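Trainee: Here's the letter readout for the chains.
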Amino acid sequence: MRELRDPSALPEMRSALRTHRLGWFEVVMLAVFAAVYYLLPGYLPLATQVAIMIIFAISLDLALGYGGIETLGHAVFYGIGGYAAGFYALYVWQEPISGLLVAALVAGLFGVLSGIVVLRAKGLTLVMLTLACATMVHEFANSMRAITGGDDGLSGYRIDPVLGLFRFDLFGRTAYVYSVCVLIVVFLLARIVANSNFGLVARGIRSNSQRMQLLGVPVLNRLVLLYAVSGALAGIAGALSAQVTKLVGLNTLAFTLSGNVLIVLILGGIGRLYGAVIGSIVFVALSDRAAAIDPFNWLFILGGLIVLVVWLAPDGIVGRFSALTWQFRKQERKP
Amino acid sequence: MKISGALKHLIGTALFAAGMALSTAAMADTIKVGVLGSFSGPYAPWGVQFRNALDLYQEQHKSKASGYDVELIYRDVGGNEPARAKQLAQELVVRDGVQYIIGLEFTPTILAVADIATEAEVPTINLNSGTSSVTRASEFLTRTGFTQWQVAAPAGEYAFDQGKKTAVIVSADYAPGKDALDSFRYGFEKKGGKILQEIKVPLGTTDFSTYLLRLQEAKPDVALVFMPVGPMSVGFLKAYVDRGLLKAGIDVYVGAEAQETDLPALGDAAVGIHSVFTYSPYQDNPENKAFVEALTKKYGAKGLPNLATVAAYDGLALVYHMIGATKGQKDGKAAMESIKGLTIQSPRGPITIDAKTRDIIQNVYLRVVEKRGDGMLVNKTLATQQAVKDPWKELNPAK
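Protein sequence lines correspond, in order, to chains G and F. Going by the numbering used here, the first residue of the first sequence is number 895, and it counts up by one from there. Going by the numbering used here, the first residue of the second sequence is number 133, and it counts up by one from there.
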């Protein structure tokens, strides 16, 4: 029983026992975000989109990577968060930070309600239910044109300066710094959740939910809670997008977005939070650059590269990387 | 040969790094015009038509507007993605330094860009979104497409003038469809007609039989129809003629749905479909003849233009005019002033930019599909309503 003597030899145990400490990765990322601000001022709007995508991908990682909740309708939270922030700015208050909190609350609440229904299912049924749930909300937003603007989108609201000091400027500086600050908070929150006992329970459920049930864990209850937390974070991403774009379209609820965020996560690596960060940077930046070089055929380039990544690094970019360092360490230890 | 894991990883990383490092080179001392459109994905046909027209215009004018070099910078929005449209517009303005933006197909994308247009004072030309209120989003917005009200309200009027007293409106169930519904009703009832029923069809419908049955049972004189151009419009009209409704005496009036590029799919049964629209590639005027000839010479049979092509062609003509009027200087306000009330000879007939609303004033044509001597199906113009202003703006004056 070699595995028992060396629990870290089992990859699943390894990932469960690994805790996220503040390490070089966070430092490098902070440096990158700061460098982008000073060195690439022309790319701030793009970088803002990257930051928003990271938040969204982190939220999906909590549900899918930690809880094993297979969802193809995660955009529903993004969209609900966006519309919530839009309505809040339109009818209540134009202050952005409270707008984010309201959006998180609304999206989280929707996570609880829809979670109670859909999370009873597993596997393909769950995939279909999440998809159906997102489609229903999408159709609802489309048909309630008087309130949501339908296909024309929800627009016409203002957003006040952040903290009353920094107005959203043409160069996208405020939007960028604001999004990155929100990203840092979301990342830390997600890490606390992932490292907590609750996070460990979620991973246990993902590996073997029956066993967790036998151990006395209220599985559905925990999954719903995780789904709601994940939904709330996704709602924040949607709300950020709504505040930066000053328009919420039906595309924020669409299947394409749910699919894209899944691709981002697979690209970066599931179940490690860092994967969401790297995946978003690579996916959004690459799409943008490819589209700038050849606006007419860039999807071929992007598609080709994604196929390449899946072939070369089936665990995602971060997965590939950590596997490499693992190999490296083992080799070091051998002699 | 077996590639080791580490090497595979290296290749992957290197490819990504190479991809990220590439960036577009910028040219100095030319006037840059940003083109935002859907050049990939399901809406790519729009982008293709934009590009056909813009490249042709550039070629015809040797990329020189009143002596200033003009460079087009294409950016792909990839469909109805307002966040991306805004990001690209922001980058075009801030990084590439464009003085004008043209393009955009959808209401949300154009509204997302309106903010940038106002703040950066960049004149922006909306080539397609047919929502009337769009031009009010920024004083730097204008339009060279059409508004839904502009074509659907006259369609209602024409239908009544042709002796139709009762009508059923069939429209796709989304925001532009609602506009079509309201404007058909407005035009038809203004003349004294009676709307028997409104039938809303969900987006993405492929089987229209239940809707057509309802239509048949209502026994109207005429059906006023709006469907998004593409599979739905072709599918609906095909089902309509296949079911024999046209033969049964229920005439059908549409807008852009009966465009020439889609007629072959309908076959000879399409003969007799009425449409009210702003452009047909077979329109009989010298500008249009030259336009179609140049396009088909450059792109072959695929170059046959439609509403998107002519909107893009006229859009760039407006930009050229603005460049001349501002002597190549970046002055958004003066540029916008220079096109207010401007009339240009478009392939679709004369078009004017309304001095007050910055919206387009153009002729609207009543047409009917007929078979030409050589077997081609074409729209024949029956009547012309000159210089139609957007009726919605007249009904909803700005506050």
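Derived by calculation from the structure, the hints in this document are not laboratory data. Hints are supplied without guarantee of correctness; some may be wrong.
Just so you have them, the derived chain G footprint on chain F, three or more residues with Cβ under 8 Å [stated by the list, open to error]: (1) 208 to 216; (2) 299 to 309; (3) 348 to 359; (4) 378 to 384; (5) 500 to 511.
To spell it out: a stretch of chain G is covered by chain F in this simulated footprint if at least three of its residues, at any positions, have a beta carbon under 8 Å from a beta carbon of chain F; those stretches are [unchecked claim]: (6) 950 to 964; (7) 997 to 1008.
What you are looking at is a predicted structure, and each value in this text was computed from that prediction instead of being measured. Beta carbons: idealized from backbone N, C-alpha and C, even for Gly.
Trainee: How does the stretch 500 to 511 of chain F fare against chain G when you require at least three residues with a CB closer than 8 Å, holds or violated?
Mentor: Per the Cβ count (0), the hint is violated.
Trainee: Using a Cβ cutoff of 8 Å, are there at least 3 residues of the stretch 997 to 1008 of chain G near chain F, or does the coverage claim fail?
Mentor: Answer violated; 0 residues pass the 8 Å Cβ test.
Trainee: Test coverage of the stretch 208 to 216 of chain F by chain G using CB-CB distances below 8 Å; three residues minimum.
Mentor: holds (count 8)
Trainee: If you count the residues of the stretch 950 to 964 of chain G with a beta-carbon closer than 8 Å to a beta-carbon of chain F, do you get 3 or more?
Mentor: Three-residue rule not met by the stretch 950 to 964 of chain G, so violated; n is 0.
Trainee: Within the stretch 348 to 359 of chain F, is the number of residues with a Cβ closer than 8 Å to a Cβ of chain G three or more?
Mentor: violated (count 0)
Trainee: Check whether three or more residues of the stretch 299 to 309 of chain F sit with their beta carbon closer than 8 Å to a beta carbon of chain G.
Mentor: holds (count 4)
Trainee: If you look at each residue in the stretch 378 to 384 of chain F, do at least three have a Cβ nearer than 8 Å to any Cβ of chain G?
Mentor: Contact hint for the stretch 378 to 384 of chain F vs chain G: violated, 0 residues under 8 Å.
In summary, the structure is inconsistent with hints 3, 4, 5, 6 and 7 from the numbered list given earlier, while agreeing with the others.
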